[in-house]
Structure formats: structure tokens, C-alpha cells
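Chains as they are written, first to last, in the UniProt record's numbering: chain A, 1 to 406; chain B, 1 to 406.
Among the hints, a few may not be true.
Identical copies look the same in the list; a pair holds intra-copy or inter-copy alike.
Below, computed lysine to aspartate or glutamate pairings styled on EDC-like, alpha-carbon distance capped at 20 Å [said to hold, decoys possible]:
(1) Lys335 - Asp306
(2) Lys284 - Asp306
(3) Lys355 - Asp220
(4) Lys280 - Asp83
(5) Lys400 - Glu51
(6) Lys284 - Asp370
(7) Lys284 - Asp200
(8) Lys33 - Asp389
(9) Lys286 - Asp80
(10) Lys196 - Glu65
(11) Lys335 - Asp83
(12) Lys33 - Glu362
(13) Lys355 - Glu317
(14) Lys286 - Asp327
(15) Lys196 - Glu245
None of these hints come from the bench; they were simulated from the model.
2 protein chains.
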Amino acid sequence: MASGKILVAQGGGPTAVINQSLVGVVLEARRHKSVSLVYGARHGVRGIINEDFVDLTQETSHNLELVAGTPASALGSTRDKPDLAYCQQIFKVLQAHEIEHFFYIGGNDSSDTVRIVSQEAAKVGYPLRCIHIPKTIDNDLVGNDHTPGFPSAARFVAQAFAGANLDNAALPGVYVGVVMGRHAGFLTAAAALGKKFPDDGPHLIYLPERVFELEQFLVDVKTMYERHGRCVIAVSEGIHDASGEAIAAQLAKDLERDAHGNVQLSGTGALADLLCEEIKSKLKIKRVRGDTFGYLQRSFVGCVSDVDQREAREVGEKAVQYAIWGDRDGSVAIKRNGYYSADYELLPLEAVAGKTRVMEDEFISPCGTDITDAFRLYLRPLLGSGMPDAYRLRPNPVAKRLHQTE
Amino acid sequence: MASGKILVAQGGGPTAVINQSLVGVVLEARRHKSVSLVYGARHGVRGIINEDFVDLTQETSHNLELVAGTPASALGSTRDKPDLAYCQQIFKVLQAHEIEHFFYIGGNDSSDTVRIVSQEAAKVGYPLRCIHIPKTIDNDLVGNDHTPGFPSAARFVAQAFAGANLDNAALPGVYVGVVMGRHAGFLTAAAALGKKFPDDGPHLIYLPERVFELEQFLVDVKTMYERHGRCVIAVSEGIHDASGEAIAAQLAKDLERDAHGNVQLSGTGALADLLCEEIKSKLKIKRVRGDTFGYLQRSFVGCVSDVDQREAREVGEKAVQYAIWGDRDGSVAIKRNGYYSADYELLPLEAVAGKTRVMEDEFISPCGTDITDAFRLYLRPLLGSGMPDAYRLRPNPVAKRLHQTE
């Protein structure tokens with residue numbers, strides 16, 4: 001007889017809407033007669049290893065809805081990237097608790113974990129459905145039109161640059177904003193959606209999809225500064241030289257690496273400070289300011305896309321439907337349908353696991369420092385309703401009285 | 001015969017609501033029969049010197065309302081701090097254009113400019129009404145319950161720490177957020193309003209009103225980290241040692257100073273990076289992240305307090321009423337009346353000009369690293385309606401099966 005037990009967990013960096021997916025799983029699962037218990041693992045796969053489970057069957061629907069609207073992983077997360085032995089241990093715990101459906105909400109590393117656990121179950125003929133639920137502000141999952149969490153982070157970045165542009169117009173100078181995104185520039189590119197008038201910033205956008213050359217960067221900044229009397233720049237933390245070495249990593253004295261072998265790029269202002277220093281010393285521009293958006297862009301409460309919320313909820317719901325009504329494991333993916341609607345499908349885990357999507361060429365201008373209208377059209381509907389708008393006074397100059405010869 | 005001309009300008013750092021004050025002046029002035037023309041100076045006092053005026057009489061009321069809702073100084077701002085000769089030049093231009101009322105929206109440096117210009121006019125018996133309209137995210141104007149711009153920036157800081165706390169709970173470690181505020185800690189203290197549950201961060205708050213000692217800081221962080229398994233810290237950019245030297249300034253290789261002789265504290269991530277480095281190396285904690293909120297906290301579009309908007313509008317309106325119906329110059333100030341309502345009064349310019357308010361002792365806990373309920377009660381109504389709230393899953397632990405002896 002089937003146990004009717006399901007387990008859900010959250011991995012990787014939190015997002016503004018990852019709890020929507022969690023609650024989508026829980027509420028959808030609870031309405032299925034075949035489901036008896038819904039467990040959540042605390043702090044991702046680490047919580048599975050430690051058998052640190054909470055019984056979400058006992059949670060009220062009302063509180064679940066409130067948690068859904070709260071950013072960051074309500075179950076806790078982890079940066080652990082399980083190897084084969086770790087995945088075998090995960091499977092052992094799932095077996096011990098007679099788990100029949102395993103849902104893991106996370107990015108491409110998490111999908112790889114789901115893939116290995118799924119294989120372990122298949123090896124011994126244990127009937128386990130394993131579903132990966134997409135989540136990443138980097139938008140770097142292949143096979144997805146976009147990933148839940150990205151639209152809200154993109155909205156933060158767009159609103160931040162809209163404001164930085166206004167501030168920079170009021171007190172002119174150079175402004176450098178460093179945005180998250182190790183390999184994919186989607187989030188940095190979102191800065192362009194903060195632009196309204198033709199002379200608005202960001203005037204330059206540097207993406208990890210293109211090689212970064214410091215000399216050319218300085219030429220670009222000089223050109224824009226002379227044109228506009230100011231310059232707003234969006235820079236991805238993942239910019240790198242021709243050899244592929246990250247500009248940030250070249251500067252870091254102590255290279256902190258996580259379990260995935262990744263160098264820490266966020267949580268330090270070094271890249272923004274270096275670029276500002278270069279502009280000040282080489283271009284002799286006095287007012288140069290740099291901000292590193294850091295954790296604000298993924299955790300700020302009160303900046304969320306309603307489209308993102310809805311889709312994050314639905315990928316959770318669809319995951320349960322695929323697991324219970326379907327006969328195969330997989331990764332839920334968002335498909336775009338019209339302008340604008342989203343549909344969902346289940347991709348094979350192998351199609352998504354451990355792979356990285358980067359920005360398509362059609363989204364990047366030939367000059368390499370701007371984005372195309374195709375990208376604007378792609379991103380705009382994802383940002384959701386109620387985007388703030390910026391207005392200007394119209395020019396109505398008054399004739400001078402003292403400086404009439406000027 | 002009177003010219004009926006008024007001039008308005010914006011000085012210092014932009015805020016989320018400074019355009020409300022501008023529009024308050026313009027719309028209120030336009031309804032008075034004695035007013036014929038409303039000029040705006042572009043980029044503050046520098047625009048007056050350059051006679052760079054726009055005629056706001058020609059602007060539509062509709063567009064003015066839209067500009068009011070847009071953050072940052074719509075007329076442009078300046079960091080110029082006029083000396084006597086500069087103020088005499090300002091007065092010369094005002095005379096040439098037959099300006100009868102001069103309104104300057106800004107902080108304590110701007111109020112000092114208004115004071116000197118007012119004196120110059122009085123010296124020669126020129127009938128000029130000079131009114132200072134308060135604005136500063138630092139909340140450091142004396143004689144004011146609080147200043148327009150502070151509540152919206154405080155809301156950003158509270159929402160940022162609410163989110164940083166959730167992110168830090170999901171992926172535990174140490175998080176350091178550096179907040180603006182050279183001498184006054186009000187904005188940093190606002191971090192505490194992001195706290196809901198007793199174990200929420202910020203767990204430690206460092207204000208410029210107290211001496212910062214690195215050794216004690218490390219002891220504090222260690223204590224909180226051991227208690228909560230994580231630690232969220234709010235730090236003012238203005239923290240200083242016993243001699244009064246800013247911790248940030250001790251680190252800066254190149255001390256950039258503005259026209260006011262102030263060292264640049266914002267637009268660099270150095271302070272956050274130093275503190276993180278100390279925590280990593282001395283306390284051997286691996287996951288330590290630092291964010292410098294930088295310009296986001298004053299320019300981000302879409303995070304504004306409706307109370308702040310309303311009051312910023314009203315100080316502009318009241319300024320015009322004081323100028324036209326009153327017989328003296330002064331600085332408009334906000335008075336608190338009940339829980340919660342605001343009234344306005346006109347203070348003598350000498351009472352405000354060039355002075356700096358810091359946090360009152362009753363707002364700071366005896367331990368020096370937390371704020372009091374008096375501060376919570378003071379700030380809460382200013383943050384406005386619709387503050388995001390954070391919810392948690394309730395603990396319903398599941399019995400272990402493999403680790404039963406644990």
C-alpha cells in the first residue's frame with residue numbers, strides 16, 4: 001500500500017517568490033486524495049541528510065498564503081552540492097520515510113541533485129517521482145523562457161537604475177552599479193528597463209556574455225560623459241577578460257570559493273570600487289560613485305512582480321500534478337505563449353541539470369554595451385503591473401538679465 | 001509696484017519626496033493673486049549664479065503632479081556651499097530678476113545659505129522673503145520632529161533589513177549592511193523597524209552617536225552568532241573611534257572631500273568590506289557578506305512613505321503661505337501632534353542653519369547596539385501605510401527514523 005508521503009525542499013539562493021512555489025506544492029498536494037503527508041526538509045538537501053523535517057500537513061492554509069507572499073526560503077536553504085555519495089544518502093533517508101514524491105525547488109545545481117537521486121531510485125526499482133522546480137534570479141536555466149525569481153529581481157534592478165539615473169541627473173557624475181550574475185547577464189541587462197527618455201541611463205551595460213576590456217571601458221565612459229555630462233553604468237559582477245578570468249576575481253585578495261568551486265563575487269564592493277578608481281584616476285572625473293547591489297536585489301521585501309508571483313505558484317502546482325498524474329521524473333519549465341501568457345511543461349532532468357543558459361545574441365546590441373528591443377519586449381511583461389514611472393519638468397527657459405551676452 | 005515673482009530651488013542630496021515640496025511651492029504660489037511668475041533655478045544655488053531659470057508658471061498642473069511623485073530633484077541639485085561672496089552674487093541675481101520670494105529646499109547647509117541671503121537683502125533694505133524648506137534623509141535638522149525624505153529612506157532601510165534578515169535565516173552567516181548617515185544615526189536605526197520576531201535581525205546596530213571599538217564589535221558579533229547561529233548587523237557609514245575619526249576614513253586611501261570639507265563615505269564599499277574581513281579572519285566565520293546600501297537608499301523608485309509624501313507636499317505649501325502672509329523669513333519645521341498627525345511652524349533661520357541634530361539618548365539602548373521602544377514609537381507612523389510583513393512556517397517537527405538516537 002502506498003504511503004502517500006511527499007517531501008519538498010528549497011535549495012540555493014533565496015528569491016522573492018520561492019515560497020510561492022513551496023506553497024504551490026503544499027496546497028496542490030493537500031487537495032489530492034492519494035497524498036497523506038506533506039513534509040518539508042529544513043535547509044535543503046542538508047535537512048534531508050539530517051532528517052530535519054517539518055510536517056506541512058499541519059500548517060494552516062491561511063498561514064501558507066502569508067508565507068507565500070514572504071521572500072526568501074521559508075524552509076531554509078543550503079549551498080551544499082551533493083556528489084553521488086551524498087545523493088545516495090538522500091535516497092536512503094527518502095526510503096526510510098517512505099517518501100513517494102520528492103520536489104526540489106532550485107537552480108541548475110539543484111536540478112542535478114534531483115537527476116542523481118532519481119537515478120539512484122531507478123537503480124533499485126524504488127517507486128520515487130523526482131521533480132525539479134525552477135528558481136533562480138540569474139535566469140540561467142536552459143529550456144525555460146525564464147525562471148521564477150528572475151522577474152522580481154529584474155524589477156528591483158530596473159527600479160534601482162531608474163532611481164540612480166534620476167539621482168545622477170540631479171547631481172551629475174559617473175555612477176557604477178554592480179549587479180549579480182556570474183555567467184548570465186539577464187539581471188544586469190534588466191537595468192535598461194529603468195530607462196524612459198532617450199538620454200536616460202544606464203548609458204552603458206557590461207555583460208558576462210562579452211569580453212571586458214578596461215581600456216575600451218574607459219573610452220566608452222569618456223564618450224558618454226562628454227555626450228551627456230554624466231554617465232550611468234550597469235556592470236555584471238561576472239565580467240571577465242579574454243582569458244575568461246573574472247575581473248572581480250583578479251582583484252580579490254582572498255578567493256573564497258563555495259562548495260561548487262565558485263569564487264565569491266557578491267557581498268563585496270571590490271569590483272565597483274576598482275572601476276570607480278580607474279575612472280577617477282584615468283579620466284580625471286571627480287564625482288564617481290559605485291554601488292554594489294549585493295543581497296538587496298534578491299532579498300528586498302516589497303519589490304516583487306505579480307507575474308513572477310503567479311508563475312512561481314503555478315510551477316509548484318504543476319510539479320505536483322506531473323508527479324501524481326504523470327509517470328516520469330523531470331524539471332518543470334515555463335513556456336511563453338503570446339504577449340503575455342505562460343504555459344508549463346515537464347522537461348527531462350538531463351535537459352536542464354547542470355547546464356547554464358546565457359543571454360542569446362539577439363538580446364545584445366552589436367556594440368556590446370546595450371541591449372536590443374527584442375530584450376525589452378522579452379522582459380517588459382515579466383516585470384508585472386504597477387511599475388513606477390518617472391516624469392520631468394518641461395524646459396521653459398527664462399531670459400537672462402545679467403549674463404545677456406552669453 | 002510689486003513684481004509678484006518667486007524663485008524656488010533644490011539643494012543637496014536628492015530624496016524620494018523632494019519634488020513634492022517643489023510642487024507644493026509651485027501649486028500653492030500659483031493660486032495666490034499676488035504671484036505673477038514662478039521661477040525654478042536649475043541645480044540649486046549654482047543655477048541662480050548662472051541665471052539658469054525655468055518658468056514653472058508655464059508647466060501644467062497635471063505634469064507637476066506627476067513630477068511630484070517622481071524621486072530626485074527635478075530642478076537638479078548642487079553640492080556648492082555658498083560663502084558670503086557667493087551669497088552676495090545670489091542676491092545680485094535675485095535683485096536683477098526682481099524676485100520677491102526665495103524658497104530653498106535643502107538640509108542644514110542650504111538653510112545657512114538662506115540665512116546669509118536673507119541678511120544681505122536686509123542690509124540694503126530690499127524686500128525679499130527667504131524661506132528654507134526642510135529636506136534630508138539624515139533627519140539631522142534641529143527643531144524638526146523629523147525631516148521630509150527621512151521617512152521614505154527609513155522605509156527603504158527597514159524593508160532592506162527585513163529582507164536581509166530572511167535571506168540570512170535561509171542561508172545562515174554574518175551579514176553587514178552599511179547605511180548612510182555621517183553624524184546622525186536615525187537612518188541606520190531604522191533597520192530595527194524591519195524586525196518582527198524576537199530572534200530576527202538586525203541583531204546589532206552601530207550608530208555614529210556612540211564610539212565604535214573594533215575589539216568590542218568582534219565580541220558582540222561572536223556573542224550573537226553563538227546565540228542565533230547567524231548575525232545581521234546594521235552599521236552607520238559615520239561610525240568613528242574615540243578620537244572622532246571615521247572608521248571609513250581611516251581606511252580610505254584617497255580621501256575625497258567635497259566643498260563642505262566632508263570625506264566621501266558613500267559610493268564605496270570599503271567599510272563593509274573591512275568589517276567583513278575582520279569578522280572572517282578574527283572570528284573564523286566562513287560565510288560573511290557585506291552590502292553598502294549606497295545611493296539605493298535615497299534614490300530607489302517605488303519605495304516611498306505616503307506620510308512622507310504628504311508632509312513634503314505640505315512643507316512646500318506652508319512655505320508659500322508663510323512668505324506671502326507672514327512678515328518674516330524662516331525655516332519651515334514639522335511638529336508632531338498626537339499619534340499620528342503633523343503640524344508646521346516657521347522657525348528663525350538662525351535656529352536651524354548650519355546646526356546638526358543627532359539621535360536623542362532616549363532612542364538608544366544602554367548597551368549602545370540597539371534602539372529603544374521610544375524610537376520604534378517615534379518612527380513607525382512615519383513609514384506610512386502598506387509596510388510589507390514577513391511570515392514564518394510554524395514548527396511541526398517530524399520524528400527521525402535513521403537518527404533516532406540523536
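The hints, checked one at a time:
1. Lys335 - Asp306: So lysine 335 and aspartate 306 pass the 20 Å test inside one copy only (17 Å; across, 38 Å).
2. Lys284 - Asp306: Classified as neither; 44 Å inside a copy, 41 Å across copies.
3. Lys355 - Asp220: Close neither inside one copy (33 Å) nor across copies (42 Å); limit 20 Å.
4. Lys280 - Asp83: neither (46 Å within a copy, 27 Å between copies)
5. Lys400 - Glu51: between (77 Å within a copy, 6 Å between copies)
6. Lys284 - Asp370: neither (25 Å within a copy, 42 Å between copies)
7. Lys284 - Asp200: neither (23 Å within a copy, 45 Å between copies)
8. Lys33 - Asp389: Result: close neither inside a copy nor across copies, 47 Å intra and 33 Å inter.
9. Lys286 - Asp80: Cα proximity of lysine 286 and aspartate 80: across copies only (14 Å, versus 44 Å in one copy).
10. Lys196 - Glu65: So lysine 196 and glutamate 65 pass the 20 Å test across copies only (18 Å; inside, 35 Å).
11. Lys335 - Asp83: neither (30 Å within a copy, 63 Å between copies)
12. Lys33 - Glu362: neither (47 Å within a copy, 58 Å between copies)
13. Lys355 - Glu317: Intra 24 Å, inter 59 Å, cutoff 20 Å: neither.
14. Lys286 - Asp327: neither (64 Å within a copy, 43 Å between copies)
15. Lys196 - Glu245: neither (34 Å within a copy, 42 Å between copies)
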